[in-house]
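Based on the provided sequences and hints, a complete structural model is requested.
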Amino acid sequence: MSSARRFTGIIAARGFAEGPVAELGGAVARYVPSGDASREATTLRAALAMASAQLSGLMALASADAADMLEFQLAMLEDESLSQPAFDAIVAATDASTAWGNALEVQIAIYDAAKDDYFRARAADLRDIHDRVSRALSGAVDTRPPAGAILTGDDITPSQFLAADWSKGGAIVLRRGSAASHVAMLARARGVPMLIGVADLRAGSTIVGLVDAATAGSIELDPDSAARADFNARRATNDKAMHEAIATLATPAISADGSAIAVSVNIAEPTDVDSVDITHCDGVGLMRTEFLYSSCLPSEETQYRAYARVLDWAGGKPVTIRTVDAGGDKPVAGFTVEEANPFLGLRGIRLALAKPDIFRVQIRALLRAQALGDLRIMFPMVTVIGEFAAAAALFADEAGRLGVPVPPLGIMIEVPATAISPELFAGVAFFSIGSNDLTQYVMAAARDNAAVAALNDPTHPSVLRLIESAVRGAAALDIPISLCGDAGGDPNSIDALLNTGLRSLSVAPAQLALAKRAVAAVTIRP
Amino acid sequence: MSIEPTASPAMVEALVVITHDVGLHARPSVKLTKLAKTFAARVELAINEVGPWVDAKSIVKVMATRAPKGAVLLLRAEGHDAADAVAALVALVGRDFDEGHASHVVRA
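Order-wise, the sequence lines are chains A and B.
The letter at position 320 of the first sequence is residue 320 when you use our numbering, and the numbering goes up by one with no holes.
The letter at position 82 of the second sequence is residue 1082 when you use our numbering, and the numbering goes up by one with no holes.
Please keep in mind that the hints were generated in silico from the structure rather than gathered at the bench.
Please note that a few of the clues may not be correct.
[Stated by the list, open to error] If you want the ones that stay clear, here's a sample from chain B, every Cβ over 12 Å from chain A, calculated: (1) Glu1013; (2) Val1017; (3) His1025; (4) Ser1029; (5) Thr1038; (6) Val1050; (7) Gly1051; (8) Val1054; (9) Asp1055; (10) Ala1064; (11) Pro1068; (12) Val1072; (13) Glu1078; (14) Ala1088; (15) Leu1092; (16) Asp1098.
[What the hints assert, rightly or not] One side of the interface only, derived from the structure: several residues of chain A facing chain B at Cβ under 8 Å: (17) Ile110; (18) Asp112; (19) Cys296.
[What the hints assert, rightly or not] Pairs of lysine-lysine residues, derived as DSBU-like cross-links and limited to a Cα-Cα distance of at most 35 Å, are as follows: (20) B/Lys1034 <-> B/Lys1069; (21) B/Lys1037 <-> A/Lys115; (22) B/Lys1031 <-> A/Lys355; (23) B/Lys1069 <-> A/Lys355; (24) A/Lys317 <-> A/Lys355; (25) B/Lys1037 <-> A/Lys317; (26) B/Lys1031 <-> A/Lys240; (27) A/Lys355 <-> B/Lys1034.
All values reported here derive from a predicted model rather than from experimental measurement.
C-beta atoms are modelled at their ideal positions from N, C-alpha and C, and glycine is treated no differently.
This is how it looks when you write it as structure tokens:
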């Protein structure tokens, strides 16, 4: 095979994989009408039944939040009011596919036109229902790929990620994609190798692929024996390093010059801690809470349960929970606003303060959960001290009503203004550097744009200089500081980060072993 | 806040205020229609006394009422278990669909 069978991209989640190649969202077959009304009705009935069975199957495998969304779709799909107009049209000599499309178009238009953001967002569920039944009608195979497959495509949705069976390996290789996407975070947490920005990838009729998302950032299609041997050698070297790292997971992270480094984990949802032994880390440096808002605004009780689960697991070690960081590339129906330039708009703490009724629900859930462990709270996207003061006042107000203390409140350092002048934040309980956003703002390179991914470099001297500025400022104010961006878990960045003066990192669970091993190899220059 | 179902041989009616954060939306609607379907009675709801009254067993129609937080939900049912149906639905809404600020504490 020619060299055009090897493609490279950017590593979004580390690992190696070998498996069958499956293109996502393959060609949709065309529906061929029978021309007979009773046969069309029977066909539509069968397609509805097949779609229901698929949704039930997905529900059985889904996490609680995803299952809620699927249950709603299933209830809508099984409601005769949804399909009745289609059956009526079939009687009037319309084919099943057109009749179904028209019936759903009417419903989708109603949701699209709604004033209420939350209601309007349900149009996406209606479209999902429409597409699922249309696929069943045209006989197109449902997109659930075989276990262990290497999924290729332009991009991948969270529901496609959740629908895949990752228990037997597999990988994701995207022509576009983003290392900061929700799927990339899920992939890192679950250890699914992922490459993005593989612009030229043409898988065609490929049978097998080899993905190296650890060293070369490559995918090889139907490799010859030499390419395979080379791949196996790289994989073996990496596996050996991984085994050594896992063997020393239980030992504390100490750099070559003898400095003790705290290494915590970042989690995107409570189940992420299932794969981590609490004795192998120093607690949770970042618990994201956006997962709670993925299908709708979460109740206080739903949030409390999620926080309680992680605090319970941590067994008294620190758990830092970040208040909801919606906006930017993380829209939430009924909460975020549409903006021309969302990364520079109403996101993070700005949005939370603009919608205090929604923020207060999270505050109450957090205040109740603090009794279960060592809880710390941090605010995202803080730019000026006034924002911190306003958020702290809301905490004080709710704590007063509940008759509980206010836990330690800290801020993310991810806006350049904050990293440049950390001395303006005296009185904050702790700092945590969000290197993903800090890098995109310093380098003016969006984190979700593969075309400028090369500029999005957290070890660029300008980014490191700001990290150093934050570390110095924290030391002057005697405020603890750590870093929770993806750079903290990247073995190639850890030397540079520790040499800025940082002594605390928080990394994705799948990166914990290699990060601790990388720490041991670093000599911190005096 | 709810008012006791009015007993009448033909029709049972009640009203209840929706306190759920986002109103009668996806998850609450799933729960409400599922519960309504467990009764033989014809059950309808509306957010306005003049209607339109919609089938409380149809999620497509219940969602279409777009009842927001604070809306007064009117319920009516007809059939041998109508009183039970209305009482159960009023209780569900009153409990914030079992996901609001309920006081029970769960440790997972």
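Hint by hint, here is what the structure shows:
1. Residue-level check passed: B/Glu1013 sits 23 Å from the nearest beta carbon of chain A, beyond 12 Å.
2. B/Val1017, annotated as away from the interface, keeps every beta carbon of chain A farther than 12 Å; the closest lies near 17 Å.
3. The claim that B/His1025 is not at the interface with chain A is violated, since a C-beta of that chain comes within 12 Å of its own (minimum 6 Å).
4. A beta-carbon of chain A is positioned within 12 Å of the beta-carbon of B/Ser1029; the least distance is around 8 Å.
5. With 12 Å as the threshold on Cβ separation, the claim that B/Thr1038 sits away from chain A holds: the shortest Cβ distance comes to roughly 14 Å.
6. No Cβ of chain A comes within 12 Å of the Cβ of B/Val1050; the nearest lies about 21 Å off, and the non-interface call holds.
7. At roughly 17 Å from the closest C-beta of chain A, the C-beta of B/Gly1051 stays outside 12 Å, upholding its exclusion from the interface.
8. Against chain A, the non-interface label of B/Val1054 is violated: not every CB pair exceeds 12 Å, the least being about 9 Å.
9. For B/Asp1055, the requirement that its beta carbon stay farther than 12 Å from each beta carbon of chain A is not met, with the minimum near 8 Å.
10. The Cβ of B/Ala1064 does not lie farther than 12 Å from every Cβ of chain A; its closest approach is about 7 Å, which violates its non-interface assignment.
11. Interface exclusion of B/Pro1068 from chain A breaks down, the closest Cβ pair being 7 Å apart, not more than 12 Å.
12. For B/Val1072, the requirement that its beta carbon stay farther than 12 Å from each beta carbon of chain A is met, with the minimum near 18 Å.
13. Consistency note on B/Glu1078: stated as away from chain A, and its beta-carbon is indeed over 12 Å from all of that chain's, at 19 Å minimum.
14. Even its closest Cβ contact with chain A, about 18 Å, leaves B/Ala1088 beyond 12 Å, as expected for a residue assigned away from the interface.
15. No Cβ of chain A approaches the Cβ of B/Leu1092 within 12 Å, the least distance being about 15 Å, so the stated non-interface status holds.
16. A beta-carbon of chain A comes within 12 Å of the beta-carbon of B/Asp1098; the shortest separation is about 9 Å.
17. The interface hint given for A/Ile110 is met, as the beta carbon of that residue sits about 7 Å from the closest beta carbon of chain B, less than 8 Å.
18. At a threshold of 8 Å, the smallest CB-CB gap from A/Asp112 to chain B is about 13 Å, leaving the interface hint violated.
19. The criterion of a C-beta within 8 Å of any C-beta in chain B is met by A/Cys296, whose closest approach is roughly 6 Å, and the hint holds.
20. Restraint check for B/Lys1034 and B/Lys1069: the C-alpha separation of about 20 Å stays at or below 35 Å, so the hint holds.
21. This hinted pair checks out: B/Lys1037 and A/Lys115 have alpha carbons roughly 30 Å apart, not beyond 35 Å.
22. A hinted pair counts as satisfied when its Cα atoms are at most 35 Å apart, and B/Lys1031 with A/Lys355 qualifies at roughly 27 Å.
23. Between B/Lys1069 and A/Lys355, the direct Cα distance comes to roughly 16 Å. Compliance with the 35 Å bound is thereby established for this hinted pair.
24. Under the criterion of a C-alpha separation no larger than 35 Å, the hint pairing A/Lys317 with A/Lys355 is consistent with the structure, at around 32 Å.
25. In summary, the hint linking B/Lys1037 to A/Lys317 is not supported, as the alpha carbons are separated by about 47 Å, beyond the 35 Å threshold.
26. A distance of roughly 51 Å separates the Cα atoms of B/Lys1031 and A/Lys240; the hinted pair therefore is violated under the 35 Å criterion.
27. Using a Cα cut-off of 35 Å, the hinted pair A/Lys355 and B/Lys1034 holds, with the two alpha carbons roughly 32 Å apart.
Checked against the numbered hints given earlier, this structure breaks hints 3, 4, 8, 9, 10, 11, 16, 18, 25 and 26; the rest are met.
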